Amino acid sequence: DAGVTQSPTHLIKTRGQQVTLRCSPKSGHDTVSWYQQALGQGPQFIFQYYEEEERQRGNFPDRFSGHQFPNYSSELNVNALLLGDSALYLCASSTGTSDRGTQYFGPGTRLTVL
Amino acid sequence: TQLLEQSPQFLSIQEGENLTVYCNSSSVFSSLQWYRQEPGEGPVLLVTVVTGGEVKKLKRLTFQFGDARKDSSLHITAAQPGDTGLYLCAGSGGYQKVTFGTGTKLQVIP
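Residue numbers (our numbering), protein chains in the order written: chain A, 1 to 114; chain B, 1 to 110.
Treat each hint with caution, since some may be false.
Unchecked claim - DSS-like mimics (lysine-lysine), calculated; alpha carbons at most 30 Å apart, straight line: (1) A:Lys26 / B:Lys59; (2) B:Lys105 / B:Lys57; (3) A:Lys26 / A:Lys13; (4) B:Lys56 / B:Lys70; (5) A:Lys26 / B:Lys105; (6) B:Lys59 / B:Lys70; (7) B:Lys59 / B:Lys97; (8) A:Lys26 / B:Lys97; (9) B:Lys59 / A:Lys13; (10) B:Lys57 / A:Lys26.
Keep in mind the hints are simulated off the structure, nothing from the lab. In this text the structure is predicted, and so the values were computed from the model without any measurement.
Turn these sequences into a full structure, and let the hints guide you.
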């Protein structure tokens, strides 16, 4: 049973560029959440997708957008990259019917903005 | 805004010692999770607690959810070098909106 997978593993971009990160949820999961984790800090919630709709959103600007596909996989897009966007981007999957918040995380994508 | 404060932020102990990590909030959560994260990897779920006052054990790790569901603790008995990592608590409100704590970085020295 494959867990949560993310691609790419590492990415280097320059300021002003755009980036797309990808996530495939754990088998049987239909909800995908994205987090940004700066070095030495806890993950910060970006948004959550369920049934191809954004269901929850954290305190992130509109430069951060996402999408969920019919197979439950998801993309995170960040436009007009800033140096401060450098972080580990984590994807987590869960089942949409559970309110218990139990999520399973992927290994993350390390984004470096130069 | 729901905030979760963890203490201590850093902990360096000798192998075999006991330790407790605390996770506190002024908000009530429907459930609380504990994760361990190693450098360059995603957090790995250790436990979910749901009921106020609930205690769960995972080998040498004991997790407790406060009676009012606002706080939690993680106690490790006889710490091992393999316990080294970043410990994160995370509280869940409605529709699985999850707030992570500030993290506790644990180093267990052989």
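Here is how each hint holds up against the structure:
A hinted pair counts as satisfied when its Cα atoms are at most 30 Å apart, and Lys26 (chain A) with Lys59 (chain B) qualifies at roughly 26 Å. Distance check on the hinted pair: Lys105 (chain B) and Lys57 (chain B) sit about 21 Å apart at the alpha-carbon level, within 30 Å; holds. For the suggested pair Lys26 (chain A) and Lys13 (chain A), the alpha carbons sit about 28 Å apart, so the restraint of at most 30 Å is met. Annotation: proposed proximity of Lys56 (chain B) to Lys70 (chain B) holds, straight-line Cα distance about 17 Å (limit 30 Å).
Under the criterion of a C-alpha separation no larger than 30 Å, the hint pairing Lys26 (chain A) with Lys105 (chain B) is consistent with the structure, at around 27 Å. For the given pair, Lys59 (chain B) sits about 25 Å from Lys70 (chain B) by alpha-carbon distance, which is consistent with the 30 Å threshold. With a C-alpha separation of about 29 Å, the suggested pairing of Lys59 (chain B) with Lys97 (chain B) holds against the 30 Å cut-off. Restraint check for Lys26 (chain A) and Lys97 (chain B): satisfied, since their Cα atoms lie roughly 19 Å apart, inside the 30 Å limit.
Of the pairs offered as hints, the one joining Lys59 (chain B) and Lys13 (chain A) is violated, with about 43 Å between alpha carbons and a cut-off of 30 Å exceeded. For the proposed pair Lys57 (chain B) and Lys26 (chain A), the alpha carbon gap of about 25 Å is at most 30 Å, so the pair holds.
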